[in-house]
Amino acid sequence: MRTGAARGQVGHFHEAGFYGSDIEFRALIVPFAEEGIAAGEPVIIGYDDRKNSLVHSWLSDPSAVTFLADKSLYATPARTITAYRRLFEFYVARGAGQIRITGELPHPGNGGRFEGWDRYEAAVNTVWEDFPVWGLCLYDTATAPAAVLDVAERTHPRIVSPLGKRRASGRYQDVSVFEGLPFAPDPLEETTPAIELAGCSGTEARHALTQIGRGRVPDATLDDLLIGLTAAVSNALLHGRPPATVRIWATPDRIVINVHDRGHGPADPLAGLVPASGSTAHLGLGLWLMHQLDIDVALKHADDGFTVRLRASPTVFLAMPWPRHREADGGGGPLACHTRAA
Amino acid sequence: MRVIGPVDSHRGFGPQDHSCWVHGDPRDYRPRLTEFFSEGLERGLRVAYLGSGNAEELREHLECFVDVGPPLTHEAIRIISFDEIYGAGEPVDPAEVIKKYAAATQEALTEGYRGLRISADVTDLVLAPEQQDAFARCEFLLERYSSRHPLSAMCEYRLELGDAVTQFACMHAAVPAGLTPFQVFACDDGAVGFLGEFDVACQSAFERALQRIQPAPDDSDLIFDMSAVRFMDHRALLALDSYAQKCQVPVFVRSMPPIVSRVARVLGLEHLGGARPGDL
Numbered sequence: 134m135r136t137g138a139a140r141g142q143v144g145h146f147h148e149a150g151f152y153g154s155d156i157e158f159r160a161l162i163v164p165f166a167e168e169g170i171a172a173g174e175p176v177i178i179g180y181d182d183r184k185n186s187l188v189h190s191w192l193s194d195p196s197a198v199t200f201l202a203d204k205s206l207y208a209t210p211a212r213t214i215t216a217y218r219r220l221f222e223f224y225v226a227r228g229a230g231q232i233r234i235t236g237e238l239p240h241p242g243n244g245g246r247f248e249g250w251d252r253y254e255a256a257v258n259t260v261w262e263d264f265p266v267w268g269l270c271l272y273d274t275a276t277a278p279a280a281v282l283d284v285a286e287r288t289h290p291r292i293v294s295p296l297g298k299r300r301a302s303g304r305y306q307d308v309s310v311f312e313g314l315p316f317a318p319d320p321l322e323e324t325t326p327a328i329e330l331a332g333c334s335g336t337e338a339r340h341a342l343t344q345i346g347r348g349r350v351p352d353a354t355l356d357d358l359l360i361g362l363t364a365a366v367s368n369a370l371l372h373g374r375p376p377a378t379v380r381i382w383a384t385p386d387r388i389v390i391n392v393h394d395r396g397h398g399p400a401d402p403l404a405g406l407v408p409a410s411g412s413t414a415h416l417g418l419g420l421w422l423m424h425q426l427d428i429d430v431a432l433k434h435a436d437d438g439f440t441v442r443l444r445a446s447p448t449v450f451l452a453m454p455w456p457r458h459r460e461a462d463g464g465g466g467p468l469a470c471h472t473r474a475a
Numbered sequence: 036m037r038v039i040g041p042v043d044s045h046r047g048f049g050p051q052d053h054s055c056w057v058h059g060d061p062r063d064y065r066p067r068l069t070e071f072f073s074e075g076l077e078r079g080l081r082v083a084y085l086g087s088g089n090a091e092e093l094r095e096h097l098e099c100f101v102d103v104g105p106p107l108t109h110e111a112i113r114i115i116s117f118d119e120i121y122g123a124g125e126p127v128d129p130a131e132v133i134k135k136y137a138a139a140t141q142e143a144l145t146e147g148y149r150g151l152r153i154s155a156d157v158t159d160l161v162l163a164p165e166q167q168d169a170f171a172r173c174e175f176l177l178e179r180y181s182s183r184h185p186l187s188a189m190c191e192y193r194l195e196l197g198d199a200v201t202q203f204a205c206m207h208a209a210v211p212a213g214l215t216p217f218q219v220f221a222c223d224d225g226a227v228g229f230l231g232e233f234d235v236a237c238q239s240a241f242e243r244a245l246q247r248i249q250p251a252p253d254d255s256d257l258i259f260d261m262s263a264v265r266f267m268d269h270r271a272l273l274a275l276d277s278y279a280q281k282c283q284v285p286v287f288v289r290s291m292p293p294i295v296s297r298v299a300r301v302l303g304l305e306h307l308g309g310a311r312p313g314d315l
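Just so you know, the sequences run in chain order A and B.
In my numbering, each residue's number is its place in the first sequence (first place is 1) plus 133.
In my numbering, each residue's number is its place in the second sequence (first place is 1) plus 35.
Calculated directly from the structure, the hints in this document are not laboratory data.
The beta carbon of each residue, even a glycine, is placed where N, CA and C say it ideally should be.
There's no promise every hint is true.
[As the list claims (entries may be wrong)] Stretch-level coverage of chain B by chain A, calculated; a stretch enters the list once three of its residues show a Cβ under 8 angstroms from a Cβ in chain A:
| # | stretch |
| --- | --- |
| 1 | 231 to 244 |
| 2 | 264 to 272 |
[To be verified] Partial pick of chain B residues on the chain A-facing surface, computed with a CB cut under 8 angstroms:
| # | residue |
| --- | --- |
| 3 | Arg113 |
| 4 | Ile133 |
| 5 | Val301 |
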């Protein structure tokens, strides 16, 4: 059974809160967490070390809460969705009537990049509908750029104030009509690519990338680029309009790849964030797969066609975001539940 | 040591090699056949030529076709009609065909040869689409048999088959470079090896090849060896997983390259690379 403001609700109860000080942050998060603790609900808190410490000191029984201190939790939108989904499956299997999660997405104000997280915030209104989740997304108005705050207002159906007042967001846009932030070109894309292959096969594209990429990025990163490139080229050949063109830019420690075709690209606003429904024919799985890798993936819809951009550089930290669990969980976690037996 | 992988020469095949070649003009087949047989005779192998028609016609054809030395040497070449091995008209029975090749190989050994070497242009046996599935299964069984017995084969197909030839070519340990993007071959220890690149370009061919791989009746499990795989995408891995779930014996994958393991891990297919209980 659900409690608090989400009582009687079905699916993901997605709420945003805005704070300008630690006092306001406390006013937003403590009631949310204490109410969950009192109800015996799983409460998951994922902020940076400083904020996690603050919350830890404010709660009556912090041991009843799961703190996710792993910075890689919010590595990429698609992986965060996958990681949380496994977490929710884990708790629901244990009988949770409601799961409370609260955290802060990366954006320039906290040292991260917001690219792609606009789609995430829109998508989670839909992709967690199967779970009794109350998601409270708190944004620091002192540090978050205006564009980020604008997205927050348009992607959360409900908004809560530090005074505890709740209202519907008048600017909320459903995921099907959500207007994401403009595609931000990489400066390298303004230059002449080192390699341009029109109408190439996956094998030719992989060969070209291997030739130019070896030694510029770690081997594991190059493997991820090769996997992503293969999926993008396959999609362009299967679903796009020819020609499929691969462009590769390379600096001593960075690789940027465009896979372009003249088609419209996927119409599904959730493309890449979750495996496509009815994926028995593997449709949509390639896009999802490339979004699970340790590389940056962006999709660009334009008048001249559809482009998948893959980027790798040593400055992008994208370790796997699997949350750790308390010893009380017996050492097993959502992953242990998910792993399929041989 | 068997020849495994793409090759650029038809020379130097050993007593257990199984190769596939394609020709548009019979004159291209002639020098290959001549050298394949000559090398076989030098190695002390019984050499057999297979084809359509009766033995007399075939021998006349062969004598015009190849030059393997003096007439006495010609007598050492056995002539086998397709009907004798493959039956007449109907899709072949792969198990029966292999039994006949096994018997012929054993006979050669019994008579003092070091093995049996065969070659044929088998195109006429697979022109009808309904004959192709059984024949491709036959090629797989021949591949497995030759990996463990002194039977070497040079299988010739004509260009007129078009893309259909890939389904046969991929079931040979040795093929000319560029003929097929991937190969299925038999390892010395009974495992089935994959070689090459597996992506959307050959997905349907790979799925078809998988359907034709069957464990032997006495196999307690089936091992796929991926040490020669350069790339395998998610579609191919999912096809392999589907095959494993349907197979009547447990399926294990060994020597999965890191890039393939990465894809398997993301897809939640880690179990494909699990160790066999006996290997622990």
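Hints, one by one, checked against the model:
1. 231 to 244: As far as the stretch 231 to 244 of chain B goes, the hint holds, because 4 residues have Cβ atoms under 8 angstroms from chain A.
2. 264 to 272: It holds: at least three residues are needed, and the stretch 264 to 272 of chain B offers 4 whose Cβ sits within less than 8 angstroms of chain A.
3. Arg113: With Cβ-Cβ at 42 angstroms, over 8 angstroms, it is violated.
4. Ile133: violated (31 angstroms)
5. Val301: holds (5 angstroms)
Checked against the numbered hints given earlier, the structure breaks hints 3 and 4 and satisfies all the rest.
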